[in-house]
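Each protein sequence line maps, in turn, to chains B and P.
The first sequence runs 5 to 242 under this note's numbering.
The second sequence runs 5 to 242 under this note's numbering.
There's no promise every hint is true.
Which copy is meant is left open, so a pair is good if it fits within one copy or across any two.
The list that follows gives simulated cross-link-like pairs (lysine to any residue, SDA-like), each with its CA atoms no further than 25 Å apart [unchecked claim]:
#	residue 1	residue 2
1	K64	M194
2	K6	E60
3	K102	R193
4	K136	T19
5	K146	D217
6	K64	L40
7	K210	D82
8	K225	D238
9	K225	D56
10	K144	M212
11	K127	T19
12	K54	G86
Read the hints as simulated data drawn from the structure, not as lab findings.
Please read these numbers as outputs of a predicted model, since none were measured by experiment.
So you can see what is in the structure, the chains are spelled out below.
Protein chains: 2
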Amino acid sequence: MKTKIVLIGKGNVATHLKAALEKQNFPVSQVNSRTLENIPDGDVYIFSVKDDALPEVLEKFPAKEGLFVHTAGSIPMDVFHGANSRYGVLYPLQTFSKNRSIDFDHIPLFIEANNQSDEDLLKTIAEAISSKVTILDSEKRKYLHLAAVYACNFVNHLYKLSAQILEEQDLSYDLLLPLIEETANKASRMHPKDAQTGPAARSDKKTMDRHLDLLPDGDIKEIYRLLSRSISADAAMY
Amino acid sequence: MKTKIVLIGKGNVATHLKAALEKQNFPVSQVNSRTLENIPDGDVYIFSVKDDALPEVLEKFPAKEGLFVHTAGSIPMDVFHGANSRYGVLYPLQTFSKNRSIDFDHIPLFIEANNQSDEDLLKTIAEAISSKVTILDSEKRKYLHLAAVYACNFVNHLYKLSAQILEEQDLSYDLLLPLIEETANKASRMHPKDAQTGPAARSDKKTMDRHLDLLPDGDIKEIYRLLSRSISADAAMY
Chain B
5 MKTKIVLIGK GNVATHLKAA LEKQNFPVSQ VNSRTLENIP DGDVYIFSVK DDALPEVLEK
65 FPAKEGLFVH TAGSIPMDVF HGANSRYGVL YPLQTFSKNR SIDFDHIPLF IEANNQSDED
125 LLKTIAEAIS SKVTILDSEK RKYLHLAAVY ACNFVNHLYK LSAQILEEQD LSYDLLLPLI
185 EETANKASRM HPKDAQTGPA ARSDKKTMDR HLDLLPDGDI KEIYRLLSRS ISADAAMY
Chain P
5 MKTKIVLIGK GNVATHLKAA LEKQNFPVSQ VNSRTLENIP DGDVYIFSVK DDALPEVLEK
65 FPAKEGLFVH TAGSIPMDVF HGANSRYGVL YPLQTFSKNR SIDFDHIPLF IEANNQSDED
125 LLKTIAEAIS SKVTILDSEK RKYLHLAAVY ACNFVNHLYK LSAQILEEQD LSYDLLLPLI
185 EETANKASRM HPKDAQTGPA ARSDKKTMDR HLDLLPDGDI KEIYRLLSRS ISADAAMY
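Turn these sequences into a full structure, and let the hints steer you where they fit.
In structure tokens form, the structure reads like this:
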């Protein structure tokens, strides 16, 4: 008998996870995390709700047999302490958007559980949907989540600032796409500390001053100053 | 007769440009920009040297017939004023590394010249090696170069900081590669202002505070604060 899975939440992660699990023939029910109505019985309950909302959802959640799991990078496993005796984490390290389909098989999944047999159970489920499964404790997962903020959220914001600079000159943001793509591709073939280029990396003060003159005062200019300083400090070290 | 090209410089851009031009059967000679020895006659002289070094190279360069061109994003075309009567710019918007081959056909090239017939000549050369050729004046090119610093140089530095966070926990930087790849792919399918995710985008102060607690004092922590503030300000606007 396949493990019966109950997904709590209807956000981006829940949507993609459901599709991946059903593709592997797991029976999956999905429950609205706000109303928590009609909760079926299952073997594993996966809470995929906003990080902030999890404690509140757990308070309202009825007592159930089975394994409780969440999908949040930054929340320790013991958030479940008191809510259930069997618990764990299944954290997919990826950025999800509702309208983009994603090949789950390539998404690194990080799992842990508070006992060996549940760790084994989670491992079986995780390995059914991804080829990249790692057992990782809550402490290390915090750092993984933090690193992901730099590599994804902050990176996207830099894309946005570059788009803003171009669009204010009536230039299309699309012009940058080949550069964005190659910068990311390079990251998979060489360590980013060896891939650094640009005026800050070669301490080219003249070019940096010219750039600062083009920027309006505000965060965008502060970001230029701070990141350049950080790059130059690295360049001086290697 | 094919346009005879003399490349001054042996750096990454020069190396890739030479390969792309020769693939299209342009006769190309290459000259060391430091020694400037044995400079052959050509129709077009392409100066592909460090931005800072260009004025000095031009001072030492002998008088020549032909079109003078540089490849620097941040340097105005009139750097050639006084050095030659015919001049222009051929700026490839890409990050080059010596050991990575690059499909030049997909690199956006931005050109300008100080007279119409040389603009036409440059256009012919540029279109032979790339399908993305745009005529762009020096003023706009400055902003393009500035935007590229955010989308490439600064992005790579964020990759490097994320690697640092992982490596200090004995986790492999490679774990982030699927996330880096998807973040860049998303940028080609939706505008980055619509793709923003993460704690700052949803003003999740608890998670941000937990992250700040994990970070050592210094630029890496300042970068977290400043970028989060800038993302939150955007999120409040849209």
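Results for each hint:
1. K64 / M194: neither (48 Å within a copy, 37 Å between copies)
2. K6 / E60: Classified as neither; 30 Å inside a copy, 73 Å across copies.
3. K102 / R193: Between copies only: 13 Å across, 29 Å inside.
4. K136 / T19: within (20 Å within a copy, 38 Å between copies)
5. K146 / D217: So K146 and D217 pass the 25 Å test across copies only (11 Å; inside, 39 Å).
6. K64 / L40: So K64 and L40 pass the 25 Å test inside one copy only (8 Å; across, 77 Å).
7. K210 / D82: between (53 Å within a copy, 17 Å between copies)
8. K225 / D238: Both. Shortest intra-copy (20 Å) and inter-copy (15 Å) distances satisfy the 25 Å Cα cut-off.
9. K225 / D56: Classified as between; 22 Å across copies, 32 Å inside a copy.
10. K144 / M212: Cα proximity of K144 and M212: across copies only (17 Å, versus 37 Å in one copy).
11. K127 / T19: within (20 Å within a copy, 49 Å between copies)
12. K54 / G86: within (20 Å within a copy, 63 Å between copies)
The structure shown violates the earlier hints numbered 1, 2.
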